[in-house]
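Novice: Residue-level listing of the chains:
There are 2 protein chains.
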Amino acid sequence: MNKIFNWGIIGPGAIAHKFVEALKFLPQASLQGVVSTNLESAQRFARQYNIPIATNQLNELLDSDVDAVYIATPHHAHCQLTVDCLTNGKAVLCEKPLAVNHKQVSEIIEAAKTHNCFLMEALWTRFLPHIEKLIEQVNTDTFGKIAFIDSNFAFKTEYPPGHRYNNPALAGGSLLDIGIYPIFLCYLLLGKPTQIKADALLNEQGVDRTLQALLKFKDDARANIFSSFHFNGGAKAHIYSCTGCAIHISDKFNTPSNMILENAKGEQKNIEIPFDGNGFNYQIDEVHRCLVQKKLQSNMWSWQNSLDLVDIMDQVRANISLKYPFE
Amino acid sequence: MNKIFNWGIIGPGAIAHKFVEALKFLPQASLQGVVSTNLESAQRFARQYNIPIATNQLNELLDSDVDAVYIATPHHAHCQLTVDCLTNGKAVLCEKPLAVNHKQVSEIIEAAKTHNCFLMEALWTRFLPHIEKLIEQVNTDTFGKIAFIDSNFAFKTEYPPGHRYNNPALAGGSLLDIGIYPIFLCYLLLGKPTQIKADALLNEQGVDRTLQALLKFKDDARANIFSSFHFNGGAKAHIYSCTGCAIHISDKFNTPSNMILENAKGEQKNIEIPFDGNGFNYQIDEVHRCLVQKKLQSNMWSWQNSLDLVDIMDQVRANISLKYPFE
Chain A
1 MNKIFNWGII GPGAIAHKFV EALKFLPQAS LQGVVSTNLE SAQRFARQYN
51 IPIATNQLNE LLDSDVDAVY IATPHHAHCQ LTVDCLTNGK AVLCEKPLAV
101 NHKQVSEIIE AAKTHNCFLM EALWTRFLPH IEKLIEQVNT DTFGKIAFID
151 SNFAFKTEYP PGHRYNNPAL AGGSLLDIGI YPIFLCYLLL GKPTQIKADA
201 LLNEQGVDRT LQALLKFKDD ARANIFSSFH FNGGAKAHIY SCTGCAIHIS
251 DKFNTPSNMI LENAKGEQKN IEIPFDGNGF NYQIDEVHRC LVQKKLQSNM
301 WSWQNSLDLV DIMDQVRANI SLKYPFE
Chain B
1 MNKIFNWGII GPGAIAHKFV EALKFLPQAS LQGVVSTNLE SAQRFARQYN
51 IPIATNQLNE LLDSDVDAVY IATPHHAHCQ LTVDCLTNGK AVLCEKPLAV
101 NHKQVSEIIE AAKTHNCFLM EALWTRFLPH IEKLIEQVNT DTFGKIAFID
151 SNFAFKTEYP PGHRYNNPAL AGGSLLDIGI YPIFLCYLLL GKPTQIKADA
201 LLNEQGVDRT LQALLKFKDD ARANIFSSFH FNGGAKAHIY SCTGCAIHIS
251 DKFNTPSNMI LENAKGEQKN IEIPFDGNGF NYQIDEVHRC LVQKKLQSNM
301 WSWQNSLDLV DIMDQVRANI SLKYPFE
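If you read the protein sequences in the order shown, they are chains A and B.
Here the first sequence is numbered in the UniProt record's numbering, starting from 1 and rising by one per residue.
Here the second sequence is numbered in the UniProt record's numbering, starting from 1 and rising by one per residue.
One should not assume that every hint holds.
[To be verified] Computed list of lysine to aspartate or glutamate pairs in EDC-like fashion (alpha-carbon distance at most 20 Å, straight line):
1) B:K197 x A:D67
2) A:K156 x B:E267
3) B:K133 x B:E262
By construction, these hints were calculated from the structure, which means they are not laboratory data.
Hey, can you work out the whole structure from these sequences and the hints?
Specialist: Below is the structure:
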C-alpha cells in the first residue's frame, strides 16, 4: 500500500497515546491532527508527537485533509462525535464500545451508510494474532464443539468518585470498559446468547463495580463471565470443549498473548504467538486495508458485530436494572 | 488415644476403598464389617481388606460391636441408613452430601439428638491442612475483606444413562456430587449467601449436567461457581480481596494441595502444604477425637454447617427448578 493515510485523533487520553505508539509501526500512516475539549491538552499531545493541528474546535479537524479519525473520548461522547465525523466524510475508528446502547450504535451505522463512509469499532482484540489462532484451534475436529467458556476481566482501581469509571453520566462501570472483553470473546466463539442471567455490585454512584453473568447459547454451550474494578481478578479465558479439550489464555486474554492447548488426556502444550508493535496496530492495519478496498465496514468486525455486542450489553444492563442518566 | 475404634462401612464402592486406604494411617482404627445390598460385592471387599463381617443384612453390622459406621452409598440412601445406624447407637460419618435436601438432613440430626449419637458429614475437604491454611490466610489483616470467590469443579464423564451421576432417582447431577465443593468453599469463607441466581444444563434424565451460579453475600462479597460432568474444567478456587490480594488454589482445591498467595502488587508466592495419608484420614481423625471427647458433633463441621450447606443446594435447585422424583 503506497497511499498515505492521514489520521486525526479526538480525545488525547491514555488510550490515544497507545494509538500513536501503534502508528509508528505503520509507515503508511501519518498523524495530522488532535482535538480535545481542553485546548492545552490537545497542544501538549501535539507537541509530544509533532502533530500539525491541535485544536478544541472539531471543525478544524473535519475541514482538514485527514482521511480517518480515531475517537478516543469517554463512551458517552462516541455517538455524537462519530456521527459528526461521518457526516463530514471522514472514516471513523471509534474506541469500544462503539456507543453506549443499541439505539446509539444504530444511529452511527445509519450515518455511515448515509454518508458512504467507513466505520469500525476499535475492538482491537479481535484483530490480534492469538485471537485468530484461537478461532483456528476451536474449529479443529479434535477440539470439537465448545461446551463452556469461563472468562473474566477484573482489576482493583482506587479512582475518585468523579472518575469516568465511576460516573454514570459518562456511562461508567465495569461492563462497558472491561466486561466487554469476556462478552466479546463469548460472542466471537458462540454467537449471541439465548439467555442471560446477571447480577451486579453497584458503586455509590449507581454503576456496576462488579458484574457477573451466566450466558446460555444454542447447542447447550454456556459461559460464566465477570468483570470488576473492585479486585485483581486478571483477564482470563478458558474454553472447554465437549471432547474434553481446553484452551487456556491466562495471561491477559484481551492483549497479545500466548495460549495453552490441552488435549482430552489433560496434556498441555504452550503456544507462544508472535506479534508486531503494541498490538493496537492490527486494527489500524485493518482500517487501512478496508480504505484501500473502498469498503465501508470490516469483515472481521462488522457493523452487525458491533450491534450484536452492544445488544448483549444492553440485555445485561436490563438484567441488573442499570440505566445511564441520559438514557 | 489408646482406644481402638471399630468401624463398619456401608456401600463398598470407589469412595469406600479410599476410606480403607485412609484407615491404614490411623492405627487406632479397626475395620470390622462391610455391608452391601449385593452380598458378593461385600464379600469381595471383605476379602480384599480382611474384614470379619461381610453381609447384605444391615442388622448384622448394627448388632456387632462396631463403634462407628461410614456410609458410602449413593446419596438417596444416606438418610435412611444414617437414621438406622444412629437409632442403633452407632456413631455415623456419612459421605457428603449428608442427605439430598434440608428435610432429610434435619431428620438425621433429630435422630442423632434423640439417640445421643455422634454424627458428621464426611466433608473431608474441610479437615485438610491447606483449608486450615486458607482460613488462616484470609483472616490476616494484609489480606483484608474477601471481595470475590471464583471457584468450580468440572470434569467430563462418559458414564451411561443409568449411572448414578445421571440418575434423578439417585439424586444424580453435578450439584450434589461436585458442585458441593465450590459451594462449601464459599460458605466456609463467607457464610450463607443472601441471594442466588443459578442456571443449569440438564441431561436427558433431567438432572444438572452443568450448573452455574452467582452468589451474593453480606458486605458486598460475591462468588461465581460452576460444576459440570460435561467438560474438563478442573477444580479451581481463586479468592480475591478488597485490598488487591488473592489466593489461588488451582491444583484441585478440594484435595490436599498447594496454594499461591498474591499480594496487592501482584507478586506471587507458592506455598506447599504437607499432608499425611491420602487426605481422607483427617476427617476420620476428627471423628476419633470427637468420640474420645464424647461429643455428638464436630466444631469444625457442625450439624448447622451441614444444614446450611444443604439449604444452599436446595436454593440452587429451586432456582433451576430441579426436583428429584422422590421429593
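Novice: Hints the structure violates: just list their numbers, smallest first.
Specialist: 1
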